Amino acid sequence: MERSNKKGLALMQAPAGTARGIRRHERQPAVLNFGQDRERFGWSSLLLLAPGTALLLLLFLGPLSYAFYLGFTNMELIGPRSQHYSFTGTANIVRMMHDGSLHKSFVLTIVFLLGSAIVGQSVLGMVLALLMQPALRLVRLSVGAVIIVAWVMPEVAAALMWYAFAQTGGTLGLLLGRPDNDFLATHPLLIVSMANLWRHVAFSMLMFSAAMRNVPPDVLEAAEIEGASAWRRVLSVTLPIMRPTIVTNLLLVTIANLSTFTLIYVMTQGGPGMDTATLAIYVYLQAFSFNQLGYGTAVALLLVLLGAAFSLLFVRNARVAD
Amino acid sequence: MPGSRTERVQTTGTAPKSVASPAPAYPIFTLGGVLRHVILIAIGVAFLSPFVWLVLASVDAHAGWGVRLPDLTVDNYRAVLSQRGLTALKNSCFLAFVTSVIATGLGYLAAYALSRRHVPLKRGIMLTILFASGLPVSLLLVPTYQMYVAFGWLDSLFTTSLFLAAGALPFAIWMLKNFIDAVPLELEEAALVEGAGTWQTLLRVTVPLTLPGLSVTGIYTFIAAWGAFIAPLILDGNPDDEPAPIAIFHFMGNHGEFLFGQLAAYSLMFSAPVIILYFALSRQFSGAFAFGGGLKG
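Keeping their order, the protein sequence lines are chains A and B.
Just so we're aligned: the first sequence equals residues 1 to 322 in the numbering used here.
Just so we're aligned: the second sequence equals residues 1 to 297 in the numbering used here.
Chain A with its partners taken away, still in its complex shape:
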């Protein structure tokens, strides 16, 4: 990567002057010119990049770098510390180490992530993709449509549906033969995880289906002729070929699910107690319900660290296997 960069730089500097010279005097060899033009950074490129960069600097990188400062302050939403806050060094980190409800939230996040996202969503997505590939068109399209609607519909509507689904007298109780049970009170994390799995499995399914179409059929055929069972073909041919997609999927799913907010918040607001307050919810509660803007941001930074750690884990594992 470094080498190609250097080469690019060298090319960029060398022909820049000459290209400009040719262009000024004669318009004819435009084709030759074009080739070299692409190697230098033109003012029109800057013009193309400027508006997007400006927006990102103002409302993305700006808040992002500001967050790294705010996370180390004692700013509060209301009261004297909303104006006169100060840099408190490691105070927020010390506070995090002694914050019992944060520890609980951390564990909840890991359980939610492992159960709903990594195992649930990826495994069910893979199972669906495997089952769908050889299924009848009508079955494939209608089951696929239901799963995709769950994913495309607004998150608030999905949350409302699951809220109703798990209520006392709701559909879930009816199906399980326990109509007088409020599942959001008795099994809050399980219901929230199931709702999240229900909503997001389409993403993994679509990604795996797309990748499965790229598995060369002759390899599968050869395996079948050699007498490999269906199980064996999936385990020894399809899955290894799809490895890069699986790693990408795990990465994207983990990052997306770490910041799941709306679905959980609309259903439970983090409750009952703090039983469904994953880190994303905890950040919001600290900042805007308990008014601890500085401390809330510190927890958000922890959330990003967690995401980075998971990403690193997946990417490194993928590399070792290659």
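Please keep in mind that the hints were generated in silico from the structure rather than gathered at the bench.
This structure is a prediction, so every number in the text was calculated from the model and none was measured.
Backbone N, C-alpha and C fix where the C-beta goes; we use that ideal spot for every residue, glycine too.
Accuracy of the hints is not assured; some may be wrong.
[To be verified] Dumping the calculated SDA-like pairs for lysine to any residue here, alpha-carbon to alpha-carbon at most 25 Å:
{"hint": "1", "chain 1": "B", "residue 1": "Lys122", "chain 2": "A", "residue 2": "Leu61"}
{"hint": "2", "chain 1": "A", "residue 1": "Lys104", "chain 2": "A", "residue 2": "His187"}
{"hint": "3", "chain 1": "B", "residue 1": "Lys122", "chain 2": "A", "residue 2": "Ala308"}
[Stated by the list, open to error] Quick look at which bits of chain A chain B covers, simulated, 3 or more residues with Cβ under 8 Å:
{"hint": "4", "segment": "65-73"}
{"hint": "5", "segment": "126-132"}
{"hint": "6", "segment": "145-151"}
{"hint": "7", "segment": "154-163"}
{"hint": "8", "segment": "282-288"}
{"hint": "9", "segment": "292-301"}
Following the hints, complete the assembly by docking chain B onto the known chain A.
Relative to chain A, chain B alone:
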């Protein structure tokens, strides 16, 4: 492992049958084929079950939490098209439209430069963009709130959609660049030889050729902003600006006077547009998912 042995016995048993019938590429009327379909349909039914209440309650005059045969009525739909419900839908439209136009427009310009021009540190920029699209919004909430307080930008739908657009921009650039990369360079070179300028080439050649990509990205950002919840919740407290997701959340909060039927009807009406949009463009969307190994490159 014991499972694999029985499977093997089974497939060797059915192998001649699949050779004999050439029509289906995969055997369907075998034990395994039937089992596959039964499992698939069972999963489909399980996924469908949460929808049942929403649909039935929306046409039920006396709906509750339970699933029951409805006392058919369209009053729920009529009632939610009142002042507050309509305003919220209009606000959602505005948020989604402005966000989508800004993110797609600015994203297209940047993606064109990144695809066609020499930009220093291009690979680094693209990786940063990919990383940025994965950052949790919760991290940006507090600092953005503080900035909006300082700018006096709170309680405005337009500034809220600016924030949404900034959040959607990294992914839009990434997606659009893939689409522009796929257009053969020769077509643009030909236009340049003919004496067309940069902007003319962009507008007359590249944009028409990447129209499917533009619409996919536009609709993707539209769908995301249509359901936006946390950004308007924090940045826009003006009750007149309340978009539909917040309205539904507030409806749900009124536990005392819970209007089940109306809530269900409104949620269905609010969900329908994006579901229709998605399926209208689903063919192009499936193409957007083919970037499976994208991280490797």
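Now the hints, each set against the structure:
1. For the suggested pair Lys122 (chain B) and Leu61 (chain A), the alpha carbons sit about 18 Å apart, so the restraint of at most 25 Å is met.
2. A C-alpha spacing of about 16 Å is found between Lys104 (chain A) and His187 (chain A), which places the hinted pair at or below 25 Å, so the restraint holds.
3. With a C-alpha separation of about 22 Å, the suggested pair Lys122 (chain B) and Ala308 (chain A) falls inside the 25 Å cut-off, and the hint holds.
4. Proximity of the segment 65-73 of chain A to chain B, defined as three or more residues with a beta carbon under 8 Å from a beta carbon of that chain, is established by the 3 residues found.
5. Counting residues of the segment 126-132 of chain A whose beta carbon lies closer than 8 Å to any beta carbon of chain B gives 3, which reaches the threshold of three, so the coverage claim holds.
6. Only residues whose beta carbon comes within less than 8 Å of a beta carbon in chain B count, and the segment 145-151 of chain A has 6; three or more means the coverage holds.
7. Only residues whose beta carbon comes within less than 8 Å of a beta carbon in chain B count, and the segment 154-163 of chain A has 8; three or more means the coverage holds.
8. Taking a C-beta to C-beta cut-off of 8 Å, the segment 282-288 of chain A contributes 4 residues in contact with chain B, enough for the three needed, and the coverage statement holds.
9. With 5 residues carrying a beta carbon less than 8 Å from a beta carbon of chain B, the segment 292-301 of chain A meets the three-residue requirement, and the given coverage holds.
Hint check: no violations occur; every hint is consistent with the structure.
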